[in-house]
Amino acid sequence: MTPARPAPGAAVDAAPPLRVLGLVRRYGKFTAVDGLDFEVRSGEILGFLGPNGAGKTTTLRCCAGLLRADQGSIEILGAPLDRRPLVARAAFGFVPDQPIFYERLTGREFLQFVAAIYDVPGAIAEPRARELFLRLELDSVADDLIETYSHGMRQKVSVAAAMLHDPALLMLDEPILGLDPAGARVLKDLLRERAARGLGVLVSTHLLDVAERLCDRVVILDHGRKLAEGTLDELRGSKAAATLEDVFLALTRETGPA
Amino acid sequence: MNWRGVALSRIRLARHELLGGGHGERRRGTRARPLLAATLGLVLGTIVMLGLMVLFLQLEQDGVGAREASAVLALLLTATLVGLLAFDLHEVVSAMLLDSDLEFLRRAPIPGWALFLIKLLDALPRTSVLLVILGVPALIAYAAIFPVAWWCWLLAIPALGMLWAIALGLGVAVSVALLRVVPARTAREVLGLLSTFTLFALWLGNSFLLPRLALESGSPRALVEALGSSTLAMAWSPGAWAAGIMAAGSADAPVAALRGLALLAATAAAVLVAAGAVASRNLDRVQSRISGAPARSAGRADRATRFAARPDILDALLRRDLRLYLRDWTVLGDILVASVLWTLLPLVGLPILSTDAGAAPGIDRTLLARAMLLALTVALGYEIATRAIPFERGGMAWMRLAPVREQAWVAGRGVSTLTLALPIVAVATVAVTAAFALPLHAIGGTLALVMPALVTALATGMWTGAVHGNFAWTHPRAMLTLTGRAIATLLLLVQAAGWLVTAILIDQLPPWAYAVPFAFSILAAAGLLAATAQHLRRRQW
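Chains A and B are the protein sequences, given in the same order. Straight run, no breaks: the first sequence in the working numbering ends on number 258. Straight run, no breaks: the second sequence in the working numbering ends on number 1541.
Keep in mind that the hints are not guaranteed to be accurate.
Unchecked claim - Just some of the chain B residues that point at chain A, by a computed CB distance under 10 Å: (1) Arg1067; (2) Glu1068; (3) Leu1324; (4) Met1396; (5) Arg1405; (6) Ala1513; (7) Leu1536.
For the record, the hints were derived by calculation from the structure and aren't laboratory data. Think of the CB as a built atom: it goes at the ideal place given N, C-alpha and C, for glycine as much as any other residue.
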């Protein structure tokens, strides 16, 4: 038995790594995401910004298929997530805010499992895992059980697992939190390298300085709605001296509670 | 401390826990089913109550008085107390050491003993099931046959609460002391193992000892007399004090009842004070130890593992499960102990059947062997398959992230579950058929029933686990929600009854009839596994 894999050429090459149209997600009567449109283009790092409870995590979980969208469409490399889920899933990697593990596997065993379910042959997975472990400084603990890892180490293993099948789109939910400065630097380098190779990256964060230095474009979200989207220069508009923080605070205050 | 405010907030928390609420619950797709849980609790409680009423009625018809019969009630209440320790202590320990609000509470200006009391009360909704399905029905059944004065109920219900406090207060004190000196993971596993062995001891006592006492002598009175012979131990047990309140109620002797309640209250107070003292001294340190990462050297594993040259989802799932089961040895130990118990169950029933029938040798060896193996196979559906899905905890979310069909994942889980169950069935089959010296054709006929029963039971168990699994389990015997445990038990009873009837009838039918169970099991398993995959596809993480 082997996992279902997308047929070669199944994805539309011209399609962006991620396209979200009219996304709505409700929890009972509460609307967490309200008609959201955005896309991640090839070769860019898109920052997903917003205050607490803005709907960032819900949106990312919808895009990863962990939550169902109530309305709207999500396409990954042109493949609709709801109608062609296997093609779509093969094309993205996801780093959730709370890493998803089997605590009593070692880091290496966990990556072996992930390689198998993503159908990555050992000849490719083994050197890739070795390189990721080395760069993320996990090589010395790769054979320890995950339950013994610190929060930062878990975050790094989660990143390695999401990158192991070299997806066209990488989605990360608050990936910097819990990482030491060296780890954060390595992660940012890895993301930039992916973008330089023409792959898409979507990073959710509320660390504005990280977004400012890392992201090519940003989407600012509040109360489940998109407030603004564009490059930093576009968002600054006429106020060239404004920082992303200024822009962010100005936008979110306008829509915040009276 | 603002006790009123604290009490109100805890009541709100308990209400949310019982009735569900908040976005998080809906997001994770773990809707509370209060009505179903209440109905099942009521059904189980009623069944227990009716059974006990029959027992008390037999005692009464045998000339046993209310005072003497209270020894049986005392035994039942003591079983409730021991059951609380065996099955629910882990819930209190988890509430005390792992609940998400502990970080907050530890920083609040609350004394250690108050934190202990708050968390003990927090655990009440999660740990009151045995009181509902055994303690209260036992009191009602007793009172139905030996009527009690109205005031007795005013004392009996608080007495049950005190039994709860004694059992869990004592358990928490011992657990906290244990966790102070042994590593958290080891302590949890030791508690799990103790729970399994307590279950084993309770089961042996309940299944072998009591039926023989009560029935081999031909009179239920023998049970009362046997209990009366251990007067000292019984008289000084909290269960006996609580039962004494009911006996006093039956004799309209309020002073004696109050004396029993006073003894219970004093014991409960002493236990709570002792547990509060242990907690206030050690809880902070133990909580810190548990929230810290375990020692790194504890988990070093085999370095020789390699990436698969040609990945295969089935191979990956089997390898992963093998590693997880071997490393979670309390789960594996629990499955093995339970397998032995279930296999022996029909043998335990034998003296009862033979006494009723009046002739022990009348039992067909082949039928008994089949019953033993069918009991085991049906039970493996409960013991192994219901745990298969929740055993993965949040890791199940990988099924939604990876490009693998849900059906393939569930089929893989099914194969790994079968791989774990088959050796147990094989060993039991060899042991039972050898012990009963069954001829070859009888072994073949037995296997022709056992295999379809196994396939059906495993598929049923996987469906139950997927729908009613507790994905945040802390104890190997609690991988299902309360509702799930009740449903799984009912499904187990229905299957056991169905296969037993089939085993009795099938030899009277032509040989082709053996094909029917096979066909049924394949169809049932296919339907149930498809339903499992469908449920997991809809589940949100």
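Report task. List, from low to high, the hint numbers that the structure doesn't satisfy. Result -> Per hint list: 1, 2, 6 and 7 violated.
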